[in-house]
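J.: Whenever a hint applies, use it, and build me the whole structure from the sequences.
Residues per chain are reported as follows:
Number of protein chains: 2
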Amino acid sequence: MNSNLIQKLIIPSETKIVMLIIDGLGGLSREPGGKTELETAHTPNLDALAERSCMGLTIPVAPGITPGSGPGHLAIFGYDPLQYEIGRGALEALGVDFELGPDDLAARGNFCTVDTDGRITDRRAGRIGTEVNQDLAKLLSTIRIEQSEVFIEPIKEHRFAFVMRSQGLHDALSETDPQRTGVLPLPVHALDPDSEKAACNVNQFISAAKALLTHKHPANMILLRGFAKLPILPGFQERYGLKAAAIALNGMYRGVARLVGMQVLNVTGTTLNDEFATLQKYWRDFDFFYLHVKKTDTFGELGDFDGKVGAIEEVDALIPRLLDLQPDVVIVGGDHSSPSVLKSHSWHPVPVLLYSRYVRADGFTEFGENTCAHGSLGTIPATHIMPIALANAQRIAKYGA
Amino acid sequence: MNSNLIQKLIIPSETKIVMLIIDGLGGLSREPGGKTELETAHTPNLDALAERSCMGLTIPVAPGITPGSGPGHLAIFGYDPLQYEIGRGALEALGVDFELGPDDLAARGNFCTVDTDGRITDRRAGRIGTEVNQDLAKLLSTIRIEQSEVFIEPIKEHRFAFVMRSQGLHDALSETDPQRTGVLPLPVHALDPDSEKAACNVNQFISAAKALLTHKHPANMILLRGFAKLPILPGFQERYGLKAAAIALNGMYRGVARLVGMQVLNVTGTTLNDEFATLQKYWRDFDFFYLHVKKTDTFGELGDFDGKVGAIEEVDALIPRLLDLQPDVVIVGGDHSSPSVLKSHSWHPVPVLLYSRYVRADGFTEFGENTCAHGSLGTIPATHIMPIALANAQRIAKYGA
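Here the protein sequences come in this chain order: A and B.
Just so we're on the same page, our numbering is the position in the first sequence counted from 1, plus 557.
Just so we're on the same page, our numbering is the position in the second sequence counted from 1, plus 557.
Some clues are possibly wrong.
[As the list claims (entries may be wrong)] List time: in silico EDC-like cross-link candidates among lysine to aspartate or glutamate, alpha-carbon distance up to 16 Å:
| hint | chain 1 | residue 1 | chain 2 | residue 2 |
| --- | --- | --- | --- | --- |
| 1 | B | 565 | A | 642 |
| 2 | A | 592 | B | 608 |
| 3 | B | 955 | A | 588 |
| 4 | B | 955 | A | 858 |
Everything labelled a hint here was simulated from the structure, so no lab data went into it.
T.: Dropping the structure here:
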């Protein structure tokens with residue numbers, strides 16, 4: 558396999574790689590023949606970098622497939638997202654910045670309402686306030702299940718992340734949410750023999766939770782679904798020989814970075830500026846930096862074309878700070894497209910540029926979907942980017958004699 | 558696997574997709590530096606559509622491989638033609654519009670001449686007239702083999718399609734045609750244990766045929782080869798959630814469409830115009846339409862450059878009728894190339910355009926091999942077209958969160 562090939566050929570180097578991921582970067586024009594968000598944005602710094610770079614479009618998962626953020630990031634990090642699946646429960650825990658470990662079984666949790674017979678009357682407990690949720694989560698966190706630790710991380714309204722930590726837990730479990738009212742919550746069943754212990758522990762937890770919540774109407778019961786452990790995958794150090802750091806403000810991206818063995822850096826502040834300051838601060842300490850920009854995706858999902866344009870321009874203004882550090886390789890790309898006309902993630906291939914002093918620069922004077930479509934990288938699986946970056950960083954030895 | 562991934566992510570929608578397959582579309586110029594048939598043709602409608610589409614070239618089977626019509630069509634329908642093989646006998650039956658089913662074992666048949674010792678003297682029975690063939694086929698159709706139905710479908714001169722219908726027939730069978738004269742026809746041997754029943758039944762049929770034909774010199778014996786059942790594959794409904802219809806005039810294309818679960822529509826008449834009228838007539842009843850144009854390939858195989866140009870122009874003139882229906886996604890492509898300078902199918906990648914309101918249009922103002930070679934779809938496996946079309950029709954859910 559290709560990834561094993563890379564691992565075998567990795568050689569040490571002092572070079573530094575920066576991967577700037579502009580979330581949901583790819584877009585669409587508002588009307589036929591028009592410009593995309595990226596093409597509309599005034600990006601003199603990215604355009605100047607593009608002229609010295611090779612360009613292309615990345616396909617995160619497969620042609621026609623719209624990726625979630627998890628698969629999109631795994632792909633650009635060089636991990637086949639169809640091989641390494643991040644389950645929904647695990648993503649939920651990562652999203653609240655929970656440091657999910659290899660012994661952790663995660664699930665998406667809801668508070669719900671049941672009647673005196675235990676039948677569900679409201680699957681969302683009337684969307685209780687987040688403060689109520691926080692109190693109840695604290696209460697549930699007091700439950701002790703033999704040889705297991707349980708963490709209840711409140712999210713918004715009725716939602717929480719459930720994590721049970723214990724050795725030997727497997728995640729082939731049925732869900733407790735029957736997805737309708739008027740019936741009892743379902744017990745958890747093990748879907749394979751290895752998951753028996755987990756099923757037993759989770760059912761114990763649910764019983765204890767039910768008892769604790771009896772008088773907490775409308776949030777007098779819980780539902781759990783999407784049980785998942787993190788996939789086990791070789792980290793950046795092992796696979797690429799890179800001491801890697803992640804700079805991201807949101808939990809999920811920090812979580813995925815942690816999953817691939819990056820050190821997640823503390824960012825002082827909450828702005829893009831703060832993220833770039835963090836890059837400068839830790840510049841000497843790592844070989845590889847993943848820097849995540851969230852706003853572009855947020856505006857894309859809101860359908861705010863101009864907002865996304867502005868967010869891209871904000872990134873562009875900070876590019877000189879990045880280049881001042883004189884990285885050997887710079888990748889500017891995205892985890893997926895989020896065209897504002899679709900108000901969602903999309904299947905469209907994602908613009909990418911790769912700069913190093915050793916690329917064959919395409920010489921296009923603009924970083925945009927159209928120039929990238931004609932770039933010399935071609936339209937390629939996103940998993941190809943890391944090997945090309947490593948090569949440009951002179952970190953891959955010759956194959957064969 | 559990729560195709561399973563699509564199947565899992567399919568969501569319902571009201572959108573409509575039209576796939577216009579111009580058989581043998583790809584071509585070559587007559588002299589170096591010249592224009593291909595498609596580039597020579599005056600195609601204002603396709604050119605205008607191209608400007609709003611993304612374009613590319615499709616590779617039906619693999620680089621350098623010249624596809625037959627069966628594999629070429631399976632590929633553009635999204636089925637790996639190396640995984641799903643349509644044997645020659647099955648293709649022969651499909652070619653005469655025989656409704657081949659899952660219990661049918663098909664073969665290519667010849668009437669031949671044998672001497673009094675049973676040795677073959679003419680493998681083609683002096684190319685008997687088609688009317689004689691029709692009479693003899695009727696005669697052979699009277700043969701009854703226990704628990705099997707037999708169908709003999711006359712083709713041209715000495716050729717016929719043989720179909721035996723019975724449960725439990727397998728197609729790992731040796732051929733009876735020794736490919737030379739002066740020897741006896743070979744008995745059928747089972748090449749695996751599962752095919753014993755089929756071998757036994759077919760040998761019984763051949764004995765009965767021999768007896769019936771004794772006095773029918775020169776067509777006093779038969780030869781059978783290319784035994785094949787249809788591959789079993791998931792249909793369009795199952796795999797793509799599409800209620801699909803096929804509009805094609807020739808048996809083989811109707812047969813391949815039936816194989817992938819399309820409903821083959823009756824076309825009143827025999828012209829391209831009639832095919833487009835059929836599209837209009839059934840527009841409300843289906844989600845997906847495959848419309849097949851035959852003449853381009855016919856002219857290509859005849860080496861008639863101008864004829865192929867004219868056939869393409871004939872298609873172009875009908876494009877407005879297609880667009881008037883306001884399909885959400887339009888694919889215009891081919892099953893393979895048939896350059897008239899080669900007078901045959903060829904290995905050349907096939908031009909394709911894909912229109913929807915959500916494509917990033919390449920903006921090329923001509924539909925031709927050269928523009929397609931620079932299109933943003935790239936030069937891609939033909940099997941990628943269906944996922945991309947489904948994505949544009951908003952029929953694929955997000956993968957992962």
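J.: Which of the listed hints are not met by the structure?
T.: 3
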